[in-house]
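Colleague: Given next are the chains, with one letter for each unit.
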Amino acid sequence: DTGVSQNPRHKITKRGQNVTFRCDPISEHNRLYWYRQTLGQGPEFLTYFQNEAQLEKSRLLSDRFSAERPKGSFSTLEIQRTEQGDSAMYLCASSWVGLQETQYFGPGTRLLVL
Amino acid sequence: RKEVEQDPGPFNVPEGATVAFNCTYSNSASQSFFWYRQDCRKEPKLLMSVYSSGNEDGRFTAQLNRASQYISLLIRDSKLSDSATYLCVVSSNFGNEKLTFGTGTRLTIIP
Chain F
95 DTGVSQNPRH KITKRGQNVT FRCDPISEHN RLYWYRQTLG QGPEFLTYFQ
145 NEAQLEKSRL LSDRFSAERP KGSFSTLEIQ RTEQGDSAMY LCASSWVGLQ
195 ETQYFGPGTR LLVL
Chain H
4 RKEVEQDPGP FNVPEGATVA FNCTYSNSAS QSFFWYRQDC RKEPKLLMSV
54 YSSGNEDGRF TAQLNRASQY ISLLIRDSKL SDSATYLCVV SSNFGNEKLT
104 FGTGTRLTII P
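Read top to bottom, the protein sequences are chains F and H.
Here the numbering used here is used: the first residue of the first sequence is 95, the next is one more, and so on.
Here the numbering used here is used: the first residue of the second sequence is 4, the next is one more, and so on.
Same shape as in the complex, but just chain F (with noise of 0.2 Å):
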């Protein structure tokens, strides 16, 4: 599979508790993006990554969120002391910078925070 892949799928976890998120690429893209999304709302920008560097963040990517792409391959998105509010669905998508260029999705991770 050539796609974009994100792990885990599933996360539930306990308010306060910190949780970390993968996504992985396609293999060739030198953009990647993080979004989130909530029920009945369209997908949020958080923040992206032209190789390495972390080019753009949004204002809802609060003090707790940190997102990395150490060697411009995978990147991590860790929430540190969840709130009930961060439930959502994690996206990440992928692309390769260049006219008119197209955001691939990864199946996305769902956090529940109890």
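Every clue listed holds true.
Computed cross-link-like contacts, SDA-like style, restricted to lysine to any residue with a CA-CA straight-line distance of at most 20 Å:
(1) Lys48(H) with Gly134(F)
(2) Lys48(H) with Thr132(F)
(3) Lys48(H) with Gly61(H)
(4) Lys5(H) with Thr132(F)
(5) Lys48(H) with Ala182(F)
(6) Lys105(F) with Cys43(H)
(7) Lys45(H) with Ser84(H)
(8) Lys48(H) with Ser99(F)
(9) Lys48(H) with Gly97(F)
(10) Lys5(H) with Leu155(F)
(11) Lys105(F) with Arg44(H)
(12) Lys45(H) with Thr132(F)
(13) Lys48(H) with Ser121(F)
(14) Lys151(F) with Ser33(H)
(15) Lys45(H) with Pro102(F)
(16) Lys45(H) with Arg204(F)
(17) Lys45(H) with Thr106(H)
(18) Lys45(H) with Thr196(F)
(19) Lys165(F) with Ala147(F)
(20) Lys45(H) with Phe139(F)
(21) Lys45(H) with Gly97(F)
Covered, in the sense of this in silico footprint (three residues per stretch, anywhere, with C-beta under 8 Å from a C-beta of chain H), are these stretches of chain F:
(22) 129-136
(23) 197-203
Keep in mind the hints are simulated off the structure, nothing from the lab.
Values in this document were obtained by computation on a predicted structure and should not be read as measured data.
Built from N, CA and C at the ideal position, the CB exists for glycine as well.
Given the structure of chain F, go ahead and fit chain H onto it with the hints provided.
Modeller: For chain H alone, kept in the frame of chain F given last:
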């Protein structure tokens, strides 16, 4: 006001009918426009790109009106497999930066 606005539906349409969705966007600097399809509990997938005057792909036609800042999606001869949520998406830089999504319009095709 949301950057991208769509009627959330639901639209319940008989099989074989034609259905149209509209979407408006507020950022006049938007450069690229897309329709994504999302099946229940799945990831969004690109359905069509809309760049200039419109785009047609089989039963699907997307139109862009820059002056009025809206885009539309027309589905002809609808199939049961068209049942999904259709997300209107805009980008300020040809899709190379963040995508801004509407809330989505839920479509159910009825046999």
